[in-house]
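There are 2 protein chains.
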Amino acid sequence: MTETAESTKLILASASSVRQTLLRNAGLEFEAVDSRADEDAIKAGFAEGDLERDAATDALALKLAEEKALAVSARFPGALVIGADQILSCMGKRYDKPKSMSEARANLTEFRGRAHILHSGLVLVKDGATVWRHSARAVLTMRAFSDRFLDHYLAETGSMVMKSVGCYQLEGPGVQLFDRIEGDYFSILGLPMLPLLAELRRNGVVRA
Amino acid sequence: MTETAESTKLILASASSVRQTLLRNAGLEFEAVDSRADEDAIKAGFAEGDLERDAATDALALKLAEEKALAVSARFPGALVIGADQILSCMGKRYDKPKSMSEARANLTEFRGRAHILHSGLVLVKDGATVWRHSARAVLTMRAFSDRFLDHYLAETGSMVMKSVGCYQLEGPGVQLFDRIEGDYFSILGLPMLPLLAELRRNGVVRA
Chain A
1 MTETAESTKL
11 ILASASSVRQ
21 TLLRNAGLEF
31 EAVDSRADED
41 AIKAGFAEGD
51 LERDAATDAL
61 ALKLAEEKAL
71 AVSARFPGAL
81 VIGADQILSC
91 MGKRYDKPKS
101 MSEARANLTE
111 FRGRAHILHS
121 GLVLVKDGAT
131 VWRHSARAVL
141 TMRAFSDRFL
151 DHYLAETGSM
161 VMKSVGCYQL
171 EGPGVQLFDR
181 IEGDYFSILG
191 LPMLPLLAEL
201 RRNGVVRA
Chain B
1001 MTETAESTKL
1011 ILASASSVRQ
1021 TLLRNAGLEF
1031 EAVDSRADED
1041 AIKAGFAEGD
1051 LERDAATDAL
1061 ALKLAEEKAL
1071 AVSARFPGAL
1081 VIGADQILSC
1091 MGKRYDKPKS
1101 MSEARANLTE
1111 FRGRAHILHS
1121 GLVLVKDGAT
1131 VWRHSARAVL
1141 TMRAFSDRFL
1151 DHYLAETGSM
1161 VMKSVGCYQL
1171 EGPGVQLFDR
1181 IEGDYFSILG
1191 LPMLPLLAEL
1201 RRNGVVRA
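Sequence lines, in order, name chains A and B. Numbering-wise, this note's numbering puts 39 at position 39 of the first sequence, and it's gapless, one number per residue. Numbers in this note's numbering are just positions in the second sequence, counted from 1, shifted up by 1000.
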């Protein structure tokens, strides 16, 4: 149903298995290429300018998505390259994936009883030029769970908790952390599929 | 993290594998029991009264959830029984799972270019009494896809299309049918997990 037009090769500039699975399950034919972009350097070089903090985080997610896609585009002339990134912020502070169980515990303690934002950036790049950009936010509110709950949660999830920037998977025990979830499933997973598919249809890459 | 209180047995009055998977992945301990309630008879005997059509569908989904849970509760004294049901309506008309590929094609042709509503009904029953009720709606808008797209979609999904009342799975090629999705992931799958977990915590059945 969804083979790409014979003329345009579709590439996902991401090593993320979640994003690859979303695209593959949707029936798209594509190649996944790790951009090897230096995300830390891009983050360090990012100037927020006059942007409000959450808007700056949206812009940073777009910037990271774009740099990854541009790096891949340089190696694949003529291909349409999907770049995607997601950043978590809570109370204006940005978080990375926890590197240890104790960092996961500290982060979850900061998220507890508060809303955090998942900022998604999504771009399409062709021959070194960005042809489309999209930002999306999901807002997730963690409940004021008990320390005892947290102990059990960390014991049960184990090192899986370090695989996600938010220290949870909604399809797993992570759902028990939440009071409220606003935003669509795909944006939460870091790849807003509906706007992406609409744009791919407009480009004739996916059958309309 | 989520063992039920030793005093209360939790039962899901549903043979739905999707609902069982959602509860199991969340870490809950429960038993799934098919209610063997006669859904067609309940639907046939349902009086809409003065309710507006969509409100009547909400009420019918609750009624079906409740009848299933009551039937199971009678067999398991002392257990907390989860009843859940979901009904799809489009332009006020209610739909059942398609029984053939041609019925799936006809339904998708009716859904095309329109919004449909997934009405979820969710109840908790204990010792023959309903102790909690919850209704949720998700609204999904299908795009005006081409006949050619529909041909390919049906060819690719095959008989899987008959496994869902809406003729789609959002985690699969079904995502390509949509322009817009409003409603949380769990309500779309027919088991609004966040309100359910909140109520189970209030009942002391799940750790807070």
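Derived from the structure by calculation, the hints contain no laboratory data. A portion of the hints provided could be inaccurate.
Distance condition first, Cα-Cα at most 20 Å in a straight line; then the derived SDA-like pairs of lysine to any residue [unchecked claim]:
id	chain 1	residue 1	chain 2	residue 2
1	A	Lys163	B	Gly1027
2	B	Lys1163	A	Gly27
3	B	Lys1163	A	Arg94
4	A	Lys163	B	Lys1163
5	A	Lys63	A	Ser100
As the structure is a computational prediction, the values presented were derived from the model and not from experiment.
Each hint, compared with the structure:
1. A:Lys163 to B:Gly1027: Holds: Lys163 (chain A) and Gly1027 (chain B) sit about 18 Å apart, inside 20 Å.
2. B:Lys1163 to A:Gly27: Holds. Lys1163 (chain B) to Gly27 (chain A) sits at ~18 Å (cutoff 20 Å).
3. B:Lys1163 to A:Arg94: Violated - the C-alpha atoms of Arg94 (chain A) and Lys1163 (chain B) are around 42 Å apart, more than 20 Å.
4. A:Lys163 to B:Lys1163: Not OK: Lys163 (chain A) and Lys1163 (chain B) at ~32 Å, beyond 20 Å, violated.
5. A:Lys63 to A:Ser100: This hinted pair is violated, its Cα atoms lying about 27 Å apart.
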